[in-house]
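Each protein sequence line maps, in turn, to chains A and B.
Count along the first sequence from 1, add 19, and you get the number used in the numbering used here.
Count along the second sequence from 1, add 80, and you get the number used in the numbering used here.
The set of hints was computed from the structure by calculation and includes no laboratory data.
Treat each hint with caution, since some may be false.
To be verified - Result set (DMTMM-like, lysine to aspartate or glutamate): computed pairs, CA atoms no more than 20 Å apart in a straight line:
| # | chain 1 | residue 1 | chain 2 | residue 2 |
| --- | --- | --- | --- | --- |
| 1 | B | Lys85 | A | Asp81 |
| 2 | B | Lys85 | A | Asp79 |
| 3 | B | Lys156 | A | Asp50 |
| 4 | B | Lys112 | A | Glu58 |
| 5 | A | Lys75 | A | Asp139 |
| 6 | B | Lys156 | A | Glu58 |
What you are looking at is a predicted structure, and each value in this text was computed from that prediction instead of being measured.
So you can see what is in the structure, the chains are spelled out below.
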Amino acid sequence: MDSMESQIAEWRAYVANAPGVNGHDVDELEDHLRHQIAELNAAGLTADEGFLIAVKRLGDLDGLSREFAREHSGRLWKQLLSGDEGEPAHLSSGWFETLVFAVTAAVAVQAARLAADAPDEEPNWLVRNASLFVLPFLAAYFARRRQLDTRRWVLTAAPFALAALVVNLYPWGADSATEVLVALHLPVVLWFAVAYPYMGGMVRSHERRMDFVRFTGEWFIYYVLIALGGGVLMGLTAAILDPTGVDVDRIAEWVLPSGAVGAVIVAAWLVESKQRVVENMAPVLTMLFTPLFAVMLAGAAVVYAVTGVGGAFDRELLGTFDALLLVVLGLVLYGMSARDPSTSPEWMDAIQLVAVVSALVLDVMVLGAMIARIGDLGFTPNRTAALGLNLVLLVNLAGAAWLSARFLTRRSRLHRLERWQTTYLPVFAVWAATVVVILPPLFAFS
Amino acid sequence: MHIDKDLVAASATPLVLAILADGESYGYAILKRVRALSAGELVWTDGMIYPLLHRLRRLGYVTTEWRTPPEGRRRKYYTITNDGRAALADQQRQWVAVSRALNDVWPGSGGVLTALGEA
């Protein structure tokens, strides 16, 4: 029977290596295998024969692993690279393509800057169009990687073409507030446009949407890491070249934008090809910052509830609050995307609920102050955009709070909460697009 | 008789839910029950039942528990939930509608509805 055990152990090791299959699955499959072997032995087969037939009946590992991976796409994500320690091969795949796209994007930005006479001049059109010099390259990069067909290439390009038309054909007034709003919201709209090629056109799939949320979070982490490294490099370069009389600032003015743009593509490539490093880091980061943000938010909610919000909310503070709420939402979304959806509630979920409820309270207070302000002074483009954003956030946070409370009390599944967030994602895109396309004509481009 | 792959896939969820509605069970036993119910005509690759069960769990149709029966090894048991029963009832309505339609265009073939017990 010893040879039997070693055969099963070998089989276990083999199955455990398949993508999408984790330790518990192997346990479950092993139980199945042993059951089958026992039954076959009872029917008169030898141990070896029983083993062979039982393994054969379980099905070929490729197909099985594919089914597991389809069901647990989050898990596959984690294991994308963990097979066979074959890292170098994976990391080198596609680096040339990435480099071409990164350099092209950097050249596009520099060409635009040259045309605009930057850095001496910084005309509005350059600021307004900034994201249009970068994100189309990211979209094209994904469209190529996903090998989209012609129809999907056209659908990928359409939002960018539309955005370029809208942003450049609208007759902006001097010192236009709507123009600033467009410059702020266009990157968001275009980021959602990148989601289309990223998901390979399957925008209806909730799993793919969650993948995109995960991608966004990890891309952000990589981007920050690259920016930090780039900052150190620039600082050291400046320190070394300064004594030689080289105009360091002049160099930085050209290197910095190229690096910032190229890093957008490179970070995307790193997320695509090198999951595992972040895989270890991402859950740790969310676990670290979710409680800290929860404490900070709860504190802020209490303080503002006690002192009242009346005069405290000027325009700048409103902006800060919106940024804070967005960060909380990002943290919650990203934490969710990194979580195993089939586990039961843990203390982290309770902490997350505290963060969401506090954010909700703050949002309600901000909304109250904002509505009072609009009642006194009327609508302006800025107030309308802020009001809309806060309403969009309010609905999202309320839904998230309700569903995670139900999840914590075990009256609902995490699945519902995930569905709520992935269903809600287009609302953000639609709102940002509204600010870009509809708000300016509404306020006569003032 | 060879049953079409799509048909096997479509009937898998209601079959498994229906078996679990009779009481908790585990992968191997569910599979054996399916084989017995279909007189061996409905055959899946054994392993495929697990991704299916995991999907049912994610949807909240079943709950799972690892238990060690007195005589044996640690094993994962699946129990149907109320959501699962609701989903099963819904599936039954759909299958009855389909088989009724088939029965009407195939007069005399009989037995489809009786097999489903008019839900």
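- Against the structure, test the hints numbered earlier, and report the numbers of the ones violated in rising order. Number 5 - this is the single hint that the structure violates.
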